[in-house]
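Full structure from sequences and hints, please.
Each chain is listed here by its residues.
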Amino acid sequence: MKISAIIVAAGALGAGTAFAQQPVKIGGMYPLTGGGAVYGVPAMAGHQLAIEELNAKGGILGRKIESIERDDKLNPSAASSTMKELITKDKVDIVLGGLSSAVGLAMSEVSKQEKVVYIATIPKTIQMTTDKLHKYVFRTASNTDFEGDTMSLLAGRYKLSKLCNLQLDYAYGNDLEAGIVKTLGKNAPNAKIVLTLKPKLGATDFNPFIPQVMAAGCDGVLSGLWGPHFVSWVKQAKPLGFFDKIKWISGGEIASHEIAGELKGDFPDNVISNTYELWYHAQDPSHKEFQARLAKKLNTQETPQWALLGYVGVMYAAAAMEKAKSTEADKVSAALEGLTIKTPVGPLTIDPKSHQANMGQFWGPMVKKPDRAYRMMDPVEYIQPK
Amino acid sequence: MPQRNQLIASAALVVLLALLPLAGSRYAVDLTTEVLIYALFALSLNVLIGFTGNVSFGHAAYFAIGGYTCAILLTTYRWPLAISLPAAVVLAGLVAAVVGYFCVRLTQIYFAMLTLAFAMLVWGVAFKWKEVTGGDDGFTGINLPAMLTNHVSYFYFTLAVVTVAIAALWVICHSAFGLTLVAVRENNVRTGFIGVDTRRMRWAAFTVAGSFGGLAGALFGMYHRGMYIENAFWTESAQVLIMVLLGGMYSFVGPILGAATLHLLQVFTNQYTTYWPTVLGLILLVIVMVLPDGLIGLVSRVKARWGKT
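Protein chains in written order, with this note's numbering: chain A, 601 to 986; chain B, 4 to 312.
You can trust all of the hints, since none of them are fake.
Below, in silico cross-link-like pairs of lysine-lysine (DSSO-like), each with a Cα-Cα straight-line distance of 27 Å or less:
id	chain 1	residue 1	chain 2	residue 2
1	A	K735	B	K133
2	B	K131	A	K732
3	A	K798	B	K133
4	B	K133	A	K782
5	A	K953	A	K986
6	B	K133	A	K800
7	A	K798	B	K131
8	A	K800	A	K732
9	B	K133	A	K712
10	A	K800	B	K131
11	A	K845	A	K798
Hint data in this document are derived by calculation from the structure and do not stem from the laboratory.
See the structure below:
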């Protein structure tokens with residue numbers, strides 16, 4: 601009798617400690633190879649930084665965090681298989697990441713089927729938080745509606761009247777265009793889009809488009825040409841004096857120092873664009889500290905903007921689990937709705953209806969600086985959705 | 004007719020697979036479902052490559068057509084699965100017949116390039132026809148019948164469909180038609196002299212390959228509950244080609260072995276490193292340099308050596 605009681609007690613104790621020691625498993629998926637690695641690798645660094653910091657403070661719910669990281673290969677079917685594997689084999693409690701719209705939607709589909717929370721940290725496709733919204737998907741990145749809204753707002757602020765609309769012909773470009781068109785009447789009632797051109801994704805030769813825009817007599821261009829597309833456009837259009845008389849208002853984060861650094865002296869005048877993070881600008885001391893920690897991890901002062909997104913995603917996951925006092929998907933999902941947390945770029949809140957965080961971006965004109973080889977944003981304005 | 008021990012071995016394998024869910028590992032069940040689908044996909048391509056001797060670089064096109072058709076019929080039009088799935092196979096076969104009509108006029112590299120061109124055309128349609136296919140956002144949220152939403156029931160469904168399809172392919176490949184294809188592969192001119200319309204034979208093989216490729220695509224889309232334009236891209240065609248080469252194209256079961264090996268290797272490599280493309284490159288190198296007959300060729304070579312001693 602006595603012995604059996606001891607055994608039972610020992611068993612219960614054993615089970616209890618085993619449970620307490622079981623780590624919280626966080627799955628992270630970004631493109632780590634191929635063309636998407638430029639974005640995915642820094643995002644994963646931010647993801648890791650957040651997990652390291654949380655673990656240093658004792659983890660989540662007193663349990664250590666185990667990070668399981670995978671390449672999403674920028675391929676939706678591969679990402680879907682990998683995410684299923686994380687859930688069924690590794691038994692992760694939550695999955696974060698994604699980059700392209702298609703991968704984001706594929707991961708959202710798995711999250712819906714498997715009833716595991718997925719936080720989209722980079723994909724901007726508006727479908728995710730509208731038509732294809734479900735209980736377990738959340739987004740901590742910006743989206744194409746916010747971006748389009750801000751661009752039309754800036755068109756109004758700069759008193760532009762004749763606009764050329766320049767978008768890449770694929771999901772992001774089409775969605776961003778929809779976001780601009782939706783809000784242009786409200787934000788810039790005097791502005792009219794007189795020309796819309798849609799170069800292909802991955803295009804390098806813009807010579808057929810440049811003269812058309814110049815001939816249209818626009819005083820402003822609303823552009824969704826990101827990364828290498830913008831770089832090619834500038835190299836081909838700047839010698840023609842393209843940027844002398846227009847305002848180039850652009851989404852696609854071309855105000856990041858990565859792009860500015862690539863173009864250096866070739867970066868044109870009159871560009872107003874956005875970026876998630878600026879290593880040389882801090883909102884407050886805690887933001888500055890975050891930048892310093894990231895700089896230490898990556899061993900460079902000029903840290904990439906994408907790390908912030910990976911970082912914020914993990915911080916949201918942790919906060920939701922703490923609030924829910926559980927790692928169960930249903931409770932975490934409920935906790936995420938309406939959750940406000942402090943992030944390096946200020947407090948963010950997830951809308952309980954759309955599951956969208958009000959992540960803002962830094963917007964401003966890119967100007968020359970005497971002590972820098974590349975242009976910097978000045979003045980910097982943090983524009984957050986209402 | 005297949006030899007008796009072959010039949011028994013195949014039946015034993017199917018029964019063994021059918022018992023898999025009893026092991027209780029959800030992961031193993033999902034992984035096996037994926038392998039089964041890829042096995043059918045690779046096997047369908049081998050009708051064209053191994054049996055007829057025509058290397059296609061665009062087989063993903065029929066996979067995608069099957070997948071998208073089944074997905075769209077199930078979801079947008081709410082057709083029952085019993086009609087959607089056959090319709091997907093028929094449409095993939097029809098498109099293969101039309102494309103094949105042009106492709107079989109050419110041989111060798113010109114044939115391969117034309118299949119690639121048509122496949123990229125299919126990719127282009129899937130990309131541009133946003134209202135129907137969802138464009139590059141993909142087509143997600145496929146509406147499956149309730150009885151298949153469970154992973155175990157979907158596994159049994161896949162196992163049943165793939166088993167029947169493989170049996171059908173076996174019969175086709177070992178029929179008079181299949182033997183004629185082999186004759187075409189071995190000596191196109193001579194077979195023509197016997198009185199065989201070789202172009203028509205190659206055309207038929209193209210259509211058969213496309214139809215079964217479409218079936219594999221339909222199963223794949225339903226498994227992932229989504230189809231994406233990447234599924235029609237040439238890299239997907241290359242991947243299935245490598246599966247066939249790795250397994251061994253001159254054997255009926257070779258592609259099954261190749262599909263299983265390549266897919267599992269990819270899955271397990273991905274768990275440890277992001278250097279899958281490097282691993283894939285090494286695999287290709289090994290196939291080309293030391294395993295021209297694939298893994299099946301290796302097996303028979305090992306057997307031959309053991310037989311001698």
